[in-house]
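The listed protein sequences derive, respectively, from chains A and B.
Sequence positions in the first sequence follow the working numbering and run 14 to 333.
Sequence positions in the second sequence follow the working numbering and run 10 to 207.
Keep in mind that the hints were calculated from the coordinates and are not lab data.
By construction, the Cβ of each residue, glycine as well, lies at the ideal position given by its N, Cα and C atoms.
Some hints here could point you the wrong way.
[Claimed, not checked] The calculated lysine-lysine pairs, modelled on DSBU-like cross-linking and capped at a C-alpha distance of 30 Å, are: (1) K212(A) x K104(B); (2) K127(A) x K203(B); (3) K126(A) x K59(B); (4) K145(A) x K104(B); (5) K67(B) x K126(A); (6) K127(A) x K59(B); (7) K104(B) x K127(A).
[Unchecked claim] Negatives, chain A to chain B, calculated, CB over 10 Å: (8) E38; (9) H101; (10) L165; (11) I191; (12) L197; (13) T204; (14) P228; (15) K244; (16) R271; (17) P277; (18) S313; (19) D332.
[To be verified] Away from chain A, derived, C-beta distances all over 12 Å, residues of chain B: (20) P16; (21) V24; (22) H73; (23) R76; (24) A90; (25) K153; (26) R176; (27) Y206.
Here's the letter readout for the chains.
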Amino acid sequence: MSGAQKIAVTVTAVVPLNDLVTRFEFRRTGGGLLPTFSGGAHTVVEMRDGDTPRMNPYSLMSDPMDQTSYAISVRRDDVGRGGSLFMHNNVAVGDEMVISNPVNLFSLDLRAKKQLFIAGGIGITPFLAQIKQMERLGGRWELHYTCRSEALGSYVDELTTQHPNEANVYYDDQDQRIDLKALLDGQPIGTHIYVCGPKGMIDWVRNTAAAEGWPREGIHYEEFLAPQSGKPFEVKLAISNKVIQVGEQESLLEAMERSGVDAPYLCRGGACGQCETRVIDYTGNFIHRDHWLDDAEHASGEKIMPCVSRFEGKTLVLDR
Amino acid sequence: MSKFEFPTSIISRPVYGTLEPRDGSAHLMIADATGAQAILDVATPDMMAKAHIIYIPKGAEFGHRLRALNPAQYYEGPSYAAAEQRIAKAFGDAKMGLQVYLSGSEGVMGQAQHAAMQAGVPHTAIQTEHRGSTARRMQCVHCKGITEDVATDPFQCSHCGLHLFVRDHYSRRLAAYQGVNIDAEDPGNVPEAKGIYE
Numbered sequence: 014m015s016g017a018q019k020i021a022v023t024v025t026a027v028v029p030l031n032d033l034v035t036r037f038e039f040r041r042t043g044g045g046l047l048p049t050f051s052g053g054a055h056t057v058v059e060m061r062d063g064d065t066p067r068m069n070p071y072s073l074m075s076d077p078m079d080q081t082s083y084a085i086s087v088r089r090d091d092v093g094r095g096g097s098l099f100m101h102n103n104v105a106v107g108d109e110m111v112i113s114n115p116v117n118l119f120s121l122d123l124r125a126k127k128q129l130f131i132a133g134g135i136g137i138t139p140f141l142a143q144i145k146q147m148e149r150l151g152g153r154w155e156l157h158y159t160c161r162s163e164a165l166g167s168y169v170d171e172l173t174t175q176h177p178n179e180a181n182v183y184y185d186d187q188d189q190r191i192d193l194k195a196l197l198d199g200q201p202i203g204t205h206i207y208v209c210g211p212k213g214m215i216d217w218v219r220n221t222a223a224a225e226g227w228p229r230e231g232i233h234y235e236e237f238l239a240p241q242s243g244k245p246f247e248v249k250l251a252i253s254n255k256v257i258q259v260g261e262q263e264s265l266l267e268a269m270e271r272s273g274v275d276a277p278y279l280c281r282g283g284a285c286g287q288c289e290t291r292v293i294d295y296t297g298n299f300i301h302r303d304h305w306l307d308d309a310e311h312a313s314g315e316k317i318m319p320c321v322s323r324f325e326g327k328t329l330v331l332d333r
Numbered sequence: 010m011s012k013f014e015f016p017t018s019i020i021s022r023p024v025y026g027t028l029e030p031r032d033g034s035a036h037l038m039i040a041d042a043t044g045a046q047a048i049l050d051v052a053t054p055d056m057m058a059k060a061h062i063i064y065i066p067k068g069a070e071f072g073h074r075l076r077a078l079n080p081a082q083y084y085e086g087p088s089y090a091a092a093e094q095r096i097a098k099a100f101g102d103a104k105m106g107l108q109v110y111l112s113g114s115e116g117v118m119g120q121a122q123h124a125a126m127q128a129g130v131p132h133t134a135i136q137t138e139h140r141g142s143t144a145r146r147m148q149c150v151h152c153k154g155i156t157e158d159v160a161t162d163p164f165q166c167s168h169c170g171l172h173l174f175v176r177d178h179y180s181r182r183l184a185a186y187q188g189v190n191i192d193a194e195d196p197g198n199v200p201e202a203k204g205i206y207e
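Based on the provided sequences and hints, a complete structural model is requested.
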């Protein structure tokens with residue numbers, strides 16, 4: 014079975030934070046401790062939405078050393094494929110669910126002398142766990158967190174009360190912006206940047222830091238992509254000897270799973286590289302959306318990441 | 010001046026490049042002997058306005074030419090050990106955006122790289138260019154003593170006196186290659202010393 018090891022959990026709390034974000038807390042079903050993790054880790058939550066299985070990655074936001082429970086915060090996406098809506102509308106206290114062991118693709122580099130966290134909106138969640146980790150380690154950190162408005166500022170009160178000197182909050186509707194150049198200027202040597210938020214924010218931080226002479230090894234970012242819907246297409250799986258149809262609302266990875274093919278995966282968001290699949294033959298165009306393959310690999314037509322990327326054309330034969 | 014081509018080896022062995030100018034808030038350049046030429050090659054007036062050059066001549070006569078580049082700060086000292094406090098201070102006070110340029114012998118570049126890494130600069134973000142001596146800084150894996158400027162293989166540990174085989178196994182933490190006793194199985198059977206790259 015692909016993916017990280019599974020854990021059977023029971024929902025112990027569902028806490029709406031504001032119009033868009035709800036927190037879900039889990040304990041191990043039947044008791045017992047959960048694994049510790051490191052700040053920045055995510056878990057893949059499995060949902061049984063009628064006939065549609067859904068598996069969405071969410072950053073763990075609870076204390077990484079707290080083995081009694083895990084917490085995630087889910088932002089409702091009304092125009093998404095339905096995973097977050099399912100969490101908001103269908104998951105209740107007492108429900109039994111399956112989540113994956115924590116997997117970290119956004120871990121802290123503990124060689125850093127200082128951690129500079131930059132969050133946009135729901136991108137705050139991995140930092141909540143990382144901040145708890147840094148507090149335990151006694152390391153230097155600083156947070157710059159942009160929210161749309163005070164009403165949508167998830168965890169702002171907790172952050173500014175507990176960490177008045179480290180947590181800085183900016184509200185878009187009050188025209189408050191991070192002065193990034195000034196923020197980067199004068200940071201002590203050995204500072205690492207971590208950015209989690211919309212793609213535009215990640216690009217802005219990466220490009221600005223690079224232009225200021227920051228080494229790319231010290232700039233860490235995480236952006237989970239949700240698979241996007243698209244035109245249905247047909248795929249031939251050479252090893253499994255199957256021809257499958259990828260529907261409009263499902264990803265290629267999900268279509269393979271639905272057809273009983275055990276395809277590897279970990280993050281399901283185009284980031285980890287686990288599902289990389291060799292293309293044997295194709296006539297048509299790839300719609301690459303992952304962060305894993307580089308531009309040359311995307312152009313080569315030799316590889317595809319089935320978790321987020323699609324295909325439009327006549328034939329696609331995969332080595333799976 | 011032609012540059013020495015080190016033979017390809019195991020992945021542990023450092024490889025050096027050619028210094029190139031990079032955008033940054035400050036430039037720290039550390040060189041010994043003919044490593045000065047690499048700085049002369051890369052220097053631009055803009056870079057020099059924000060540059061700190063630390064130079065260990067070891068008898069080479071480039072000091073006046075480096076000084077003529079008019080860097081913001083210039084230091085010349087007789088050895089890496091003599092420059093070490095200044096290097097530690099330079100890294101300790103440094104801000105992000107600093108670019109690090111190292112050139113010259115493997116021993117000086119390795120020690121300066123270690124100082125940069127201690128300060129939190131990723132080793133992959135440090136530029137290096139080898140010039141001049143191909144002698145190595147070696148650690149005896151038995152007594153842990155460091156012997157500087159080793160040019161032959163095998164060589165005798167300057168601390169414990171064992172005859173050591175010069176390995177390409179390098180430690181960034183120690184800024185030294187590893188030297189292993191060559192006649193442990195058959196004491197006294199020490200091959201004749203040759204130049205490391207002969």
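Tested hints:
no., hint, in the structure
1, K212(A) x K104(B), "holds (27 Å)"
2, K127(A) x K203(B), "violated (47 Å)"
3, K126(A) x K59(B), "holds (23 Å)"
4, K145(A) x K104(B), "holds (26 Å)"
5, K67(B) x K126(A), "violated (34 Å)"
6, K127(A) x K59(B), "holds (24 Å)"
7, K104(B) x K127(A), "holds (12 Å)"
8, E38, "holds (36 Å)"
9, H101, "holds (40 Å)"
10, L165, "holds (31 Å)"
11, I191, "holds (16 Å)"
12, L197, "violated (7 Å)"
13, T204, "violated (5 Å)"
14, P228, "violated (3 Å)"
15, K244, "holds (42 Å)"
16, R271, "holds (42 Å)"
17, P277, "holds (27 Å)"
18, S313, "holds (26 Å)"
19, D332, "holds (29 Å)"
20, P16, "holds (28 Å)"
21, V24, "holds (17 Å)"
22, H73, "holds (29 Å)"
23, R76, "holds (25 Å)"
24, A90, "holds (23 Å)"
25, K153, "holds (24 Å)"
26, R176, "holds (26 Å)"
27, Y206, "holds (31 Å)"
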